[in-house]
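Line by line, the protein sequences give chains D and E. Heads up, the first sequence is in my numbering, so the first residue is 1 and it goes up one at a time. Heads up, the second sequence is in my numbering, so the first residue is 1 and it goes up one at a time.
To be clear, the hints were calculated from the coordinates, so they are not data collected in a lab. Treat the hints loosely; a few may be bogus.
[To be verified] If the Cβ cut is set under 10 Å, some of the chain E residues that face chain D in the computed set are:
1. S257
2. A261
3. V312
4. V332
5. A389
[What the hints assert, rightly or not] Computed spacing ranges between beta-carbons, pair by pair:
6. R76/E / R67/D: 57 to 63 Å
7. E30/D / L156/E: 44 to 50 Å
8. M285/E / S91/D: 47 to 53 Å
9. E47/D / P296/E: 21 to 27 Å
10. L41/E / D182/D: 46 to 52 Å
11. V271/E / R67/D: 53 to 59 Å
Positions of the beta carbon are idealized from the N, C-alpha and C atoms, including for glycine.
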Amino acid sequence: MTAELNRVTRVLLLAFGIIALAIGYWVVVEGGRLLAREDNARNVIAEQRILRGTIYDRDGEPLAYSRTTALGLAERVYPYPEAAGATGYYSFKYGTSGIEEAFNSVLRGDGTPAWDAFVNRTLHRPQEGGDVRSTIDLDVQQAIVTAMGGRAGAAVVAHVPSGQVLGMVSLPGYDPNTLDADWERLTVDATTSPLLNRVTTGLYQPGGALQTVMLAAILGSYSNLSEEAGFVLNTELPQAHVPVRVNGLELGCLPGTPGDPLTLAEAYAYGCPGPFAAALGERVSPERLWERFDVLGLLRAPELAGFRTLAPPAIEPLGTGMSAEDLLAAATGQGALTVTPLHMLQIVAAIANQGNGIPLHVVDALRPPGADDWEPVEIPMHYPAILRMDVAEVVRLTMLQAAAQSPNVRAAQRGELVLYGHTGISYAGPGARPYSWFLGFVDQTLGDTPAAIAVVVVLEGETDPAVAAHVAGDALAAAAGPPS
Amino acid sequence: MSTTTAEMAALGLDEMDEEWSRPQARRERLLLALGGLFILLNQVTLIVARDRGWETLWPVGVWALCAAIGHSVLERRLPHRDPLFFPLAMFLTGWGLNLISRLVPGFADRQTLWLVIGLAALLALTILPGDLRWLRRYRYTWLIGGLALLGVTIVLGTNPSGVGPRLWLGFGRLYYQPSELLKILLVAFLASYFADHEPYMRLDSRRLGRWSVPAPAFLGPVLLMWGVSIVVLVWQRDLGTATLFFVVFMIMLYLASGQAALLLGGLGLLVLAGLAAMQLFDVVMLRVRVWLDPWPTADSDAYQIVQSLMAVAAGGLFGQGIGQGQPTIIPVVHSDFAFAAIAEEWGMLGALAVMAALAVIVVRGMRVAVEARQAFDRLLAAGLSVTLAVQSLLILAGVLKLVPLTGVTLPFVSYGGSSLLTMFVVTGLLLVLSNREKDAA
Chain D
1 MTAELNRVTR VLLLAFGIIA LAIGYWVVVE GGRLLAREDN ARNVIAEQRI LRGTIYDRDG
61 EPLAYSRTTA LGLAERVYPY PEAAGATGYY SFKYGTSGIE EAFNSVLRGD GTPAWDAFVN
121 RTLHRPQEGG DVRSTIDLDV QQAIVTAMGG RAGAAVVAHV PSGQVLGMVS LPGYDPNTLD
181 ADWERLTVDA TTSPLLNRVT TGLYQPGGAL QTVMLAAILG SYSNLSEEAG FVLNTELPQA
241 HVPVRVNGLE LGCLPGTPGD PLTLAEAYAY GCPGPFAAAL GERVSPERLW ERFDVLGLLR
301 APELAGFRTL APPAIEPLGT GMSAEDLLAA ATGQGALTVT PLHMLQIVAA IANQGNGIPL
361 HVVDALRPPG ADDWEPVEIP MHYPAILRMD VAEVVRLTML QAAAQSPNVR AAQRGELVLY
421 GHTGISYAGP GARPYSWFLG FVDQTLGDTP AAIAVVVVLE GETDPAVAAH VAGDALAAAA
481 GPPS
Chain E
1 MSTTTAEMAA LGLDEMDEEW SRPQARRERL LLALGGLFIL LNQVTLIVAR DRGWETLWPV
61 GVWALCAAIG HSVLERRLPH RDPLFFPLAM FLTGWGLNLI SRLVPGFADR QTLWLVIGLA
121 ALLALTILPG DLRWLRRYRY TWLIGGLALL GVTIVLGTNP SGVGPRLWLG FGRLYYQPSE
181 LLKILLVAFL ASYFADHEPY MRLDSRRLGR WSVPAPAFLG PVLLMWGVSI VVLVWQRDLG
241 TATLFFVVFM IMLYLASGQA ALLLGGLGLL VLAGLAAMQL FDVVMLRVRV WLDPWPTADS
301 DAYQIVQSLM AVAAGGLFGQ GIGQGQPTII PVVHSDFAFA AIAEEWGMLG ALAVMAALAV
361 IVVRGMRVAV EARQAFDRLL AAGLSVTLAV QSLLILAGVL KLVPLTGVTL PFVSYGGSSL
421 LTMFVVTGLL LVLSNREKDA A
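Chain E on its own, in the form it takes in the complex:
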C-alpha cells in the first residue's frame, strides 16, 4: 500500500512532536539553552567592559546556529545518544570562544570557523555506518596513514606563529596539527587490536616474578606501532603529546589485559623516559627545574608558570569578571594557559565548572564503555575518554604546578583548530557509541 503525501507529512510531524516531547531531547535542549545564555551574557559583558563593537557578538550567533543544527541532526540520527556529551562539548567550546574573543580578538573568527568544521565532522560521523566497522577493520591503514601525515609534517611542517616547533600543515589561512588526528587513530588502533586479542591476552600470559604479563606475540605489533608514533612525536619535539600517548597506551593495555603490574611498570618507564628526556632535551630539563622551584627564576624561565599561579590567585572565588583581569600578562595564555585565564576572570567557581564539565564528559564516556557489549566499543569509548581525561589533567595540573608543563591544550576551550576538531570527533564517536548501546538495549 502506498502512502500519500499528506500521510507522510503527518507522519513527519508526529515524529517531530515525538522528538520534542522526549525527556532526553528536552534535557539536551535545556542544557544547550542554559549554555547559550551563559555564553551570550559573557560576550555582551565583554563588549560593554572592553568597549567593543556589537558586531563582535557574531561568534555567539554562529555558536547558537551550530547548537540548533547539531541538536536537530543528532535527534534524527542518534535518538538514543547520551544527552550530556553534545551540550557539554558545546558549552565548553562556547566558553572557549568567549575566552578567545577576550584574549586574542583577532583569532575569534578562525576559532569560530573551526567550530563549524568540528561540528560538521561530528555530524558526519553520525551518517557513517553505526557499527564503526570502517574504523575497526582498517586499523593499520588508518594508523599508518596518520603516521604518514605526521611524516609529511616533519618535512613540510610549519608554525602559524613563525617560530617554535613546526607541527602544523598549512591550508591557506587554516593550519592543522596531524598529531591531533593521530590521537584518535592510535586509540582506535589500540581498541581494535586489543579487542581482537583481549581473550588471549588475559589467558596466555607470562610470569614475570610476582606478576603476569601478556605474551610478547600479542604485544609485539602493538608495541611496534605505538613505538613508531612515540618516536615520530619525540622527533617533532611534541613531548606533551608523546606523554599523552604513553599514558593512554598504558591505561588501554591495562584495560585489555587486566594486569595492574603493566600499569605500574608503565609508570616506572614513564619516569625513566622523563629522566632520559631531561638529559636529551634542554626544554625538558628546564621545565622540570621550573616545576620544582619556580620562584628564583620568576622573572625569566619560570615567568609563565608564576604568572599563571598569580592569575589563579587574582581570580579569587568569583573572579575579576570577563575582560577585567590581566591574564594577557601570561605569554601564550590563549592556548597553554587558557585555564589560568578562566581562573582569573571567572574565579575558582569558573575553574571548577570547567573542570567539572570535563570530568562529567569523561565519566559519561567511561559509562558508555562499561555499558558497551563489544570489546572494541568498550575499549574505544574508554580510550577516547581516557585521552580526553589525561589531556585535561596534564594541562590543568601543569598550570597549577602539580606536574611539569607539557604544552597540551585544554580540550574544547584553548585556542587551536586542530585540537577543537579532534575533540569534536571524540565527542562524535562517543555519541555514536552511546547511541548504539541504547539502540541495542
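The following block holds chain D by itself, in its conformation from the complex:
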C-alpha cells in the first residue's frame, strides 16, 4: 500500500501546486484587468471615500465641503444651496457640474505627488483633494436669488476689468445636497430644466438687448466720433416709434416711452427697435454687422476660465443677398442668433472697460491638499479690444443717459451709484414667452484705471423690463464694494 500512498500524496501535492499557480495567475496575470473592471466595487468605494476639497467664496466662506460619514464614505455638503449656480454639484451617481466639474481634478486631488499617493494608498487613507477659492461673493449671490424671487432666468455679475465673476444665478435651480434624491424630478421637467446653467449654457433670443450691439455698430461706422457722436445720437428721427413687424411679431418701444420726436439715444433708452432696424443696410451693411457679431464673440462659445460653455448654433452669415425679412430679424435680435447671458456680459464689460474684453473667471486660487498657502490661477492680464475705444465711450454715455431717462433702467438705481444700463424684451417666437433683459454696470473708476461692476439679467416669461432692472439693481448694490 506504500506505493499507492506515495502516489496519492504526490497527486495531492500536485493539486496544491496547481492552486498556487492559480493564485499567481489571478494576481499577476489577470489582476490588472480584474481591478479595472467597471463592476469592481472596490473602485466605487475608493471613489466614494475621496474627500474632495472645499470650495470657498471670495471671503473664505465654504460653499461646498466634504465630510466623512459613519460608514467611512465621504459626503458632500453645500451650506448655501443658493450658490449652486456657481458651485454646481458633485454626485457620485450623476457626476459634476459648475466649479465642481471645471476643477474636478483639483478637488479630487488627482495631482497628488506619486509618493504621497503611494503612502496614502498603503495606509488606506482616503484620497484628499485640494481647495478652490472662487471669486463668488456669497452676499451678491444671495441678493440675486432673493431679488429674482423664484422667477426663471439668469443673472451674472462680474468685476471689470479683473473679470472676477461675483455672482452667477440660474433659476429654477436645485439643492445640490439632495440632488440624488431629486434627480428624477429635476430631469423629467424639460421646460424648466433646473439642471441647466442658464448663465453659461442658456441660449436666449437677444431681442431688444441686441440694440447695444447695433448701437455700437452704427457708431463704429463713423470714423470721427468725437466730432460726429452728438449728431448721430441727438438727431431727431422720424418714425422712431413705428413698430417693426418681423416673423409674425410686432416689436415696439417699451412702455412709458414719450411721444415723438425721439433721438437715437432716446430710442435706445426706450428700447424702440425702429431706428436700429432701419440702420441695417443704410448705415451698417449686413456683412459689417456679421463681422461685429464675430468680434464681439457672439458666434462662438463664451469664455469662462475652466467652465464648459455653449457655442450658439451655427447660423447663416448675414449678407446683402439675404431677404429683407431675415435682415430685419437679425437687426432686431429676433433672427437665428441666440446668445447666453455670458456673451452679453462680455459686451457690457467691454463698454465699461474702454472697449477691452475682460478675462471672465470664477476661480482665482487653488490650494493643494495639506498646504497653507493659496496658489493663484493663471488668468490672462489683458484681453483684446472688442470695441473701438471711442465707440465704447459713446455707448457708455448713451447707457448713462438711458439710466437717467428710462424708468425701466432707473429701476436698477440704488443710492449714489453711477448707473449705466439698458433694457430690452425678446421673443422666442410668436406666442412664446418673452424674455426681459437688463444690461448695465455701475462705475467704480478710481483715477485713470477704469473699474466697474457689470451685470446681465434675463428673466423668462417677464414682460416688464423694470423687473429685470430691479434684480440687477439689487445685485449691483450687493457687489458695489471694490473687490479685494
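On the provided structure of chain D, position chain E as indicated by the hints.
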C-alpha cells in the same frame, strides 16, 4: 517499596523537566508561540484599523489558553506525537478567528466557543484507548448512528440563517451539522472494512477487460453503506459533501485494492454523476454555467465568484492588510469565501501560507499512514488526510474558478462550528495515530 511524597514530587518535576527539554516539545512550543504572535498582531492591527474596543482581544486570549492547555495535555498523553499537527491546526484556527472577528464580529464569540469544544474533543481522543479499537470494532454501529443522525436532520433540520438547506441540528445557540461527523465515521468505516478485507481484495480480483477489480462480495457491503450516505446527502442537497465523500471513497478504495483502474473509473463516474446532477438540480447547472463563463452574469448569477476573483486580485502580493480590504462585498464570505478574504487582506503570500499549512498537515498525515504498521491505521490516517486535502482543494479550486463551487468550508479557517469540531477530531485522530507509530518504534 513505597515511594514517599517527596520522591513522587521530585519524579514529577523531573518528568516536567524532561518534557520541556525534549526537542519535539520545544519545536511545538516555538511554533505555537510564533502562531500566537501572528494572531495577536493581526487582532491588535484589526482593533486599531477598525477602531474596535480592546475587549475584542479576548478570542486571542482564549486561543492562547487553548494552545497552552492543549500542548500540556498532549505532552503527557501523546509524548511521541507529530509536532506539527497541533501547532498548524491551532495556527489556522487562530487565523480563522482573526478573519471572523474582521468579517462578522458578532460570530467571533461562537467560533471561539467552538474552538474550546473542538480542543476538548481532541484531548478527549487522547484519553480513549490508544489503539482506536472502539472505532474499528463498531464500524457499522458508528456509521449507522451517523446516518441516523443525518436522517433526523432531514426531519428536524434547520438553517441558522433562516433560509437555505436545513443541514443543522440546533442546540440552543449552537448548531451542529451531522454530515460533518459523517465524514469521520465514513472514513473510519471504510478504513475498518478495507483493513479487514485488504489482503483478499488484492488477491481475489476479477478481470474487467484490461483491468482487474475486487470481487463484488468484498465491495457489496461497502458500496451499500457508501451509497446510502451519498443518497442521504443528495436528498439534503448537500452536494459539496457528497462530492467529497465520492472522491474520498474512490481514493480509499484505490489505496486498499491497489487498482488504479478503479480510480479512473471512479473519476468517470464522478463526471457522469455531475452531468446527471446538472439535469436533476438547477443549482448544479447554474454553478457549472457560472464556472465555465462567469463574466456575462458578473452582476447576477456569477456575482459571488467574480467578486471573489476581484478580491484575490485586489490583494496583490502583500495584501491590503487586515480590516483594510473590501472582502465583505462577497456574499457569505466568512464561510464559503474565507480564502478570498485572506487573499485580499493578506495577499498572495497569506493565501500561499494558508495553503502551505494545509498541505503540510496533509503530507504529515500521509507520512503517518506510510509509517503505520497496521492496515487500519494506515487507511484511517490516509483517509483522514485525504478528506482534509480534498475538502481544502475543492474550496480553494472553487474560489479560484478552477472547478465549480461546491460550498464546502475551508478547514480550520472558515466560520462554522461543525466544520471546526470535525477538523479538530481529525487532528486528534492523526495525533493519536502518529504517537502510536513512534511508541511502537
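Consistency of the hints with the structure:
1. S257: This interface hint holds because 9 Å falls under the 10 Å limit.
2. A261: Violated. Min distance 13 Å.
3. V312: For V312/E, the interface hint holds, since the closest Cβ of chain D sits about 5 Å away, which is under 10 Å.
4. V332: Hint violated; V332/E Cβ to chain D Cβ min 16 Å, cut 10 Å.
5. A389: 5 Å, holds
6. R76/E / R67/D: 57 to 63 Å: 60 Å, holds
7. E30/D / L156/E: 44 to 50 Å: Holds, at about 45 Å.
8. M285/E / S91/D: 47 to 53 Å: Hint violated: Cβ distance 41 Å, outside 47 to 53 Å.
9. E47/D / P296/E: 21 to 27 Å: At roughly 25 Å between Cβ atoms, P296/E and E47/D fall inside 21 to 27 Å, so the hint holds.
10. L41/E / D182/D: 46 to 52 Å: Given range 46 to 52 Å: holds, Cβ gap about 48 Å.
11. V271/E / R67/D: 53 to 59 Å: 57 Å, holds
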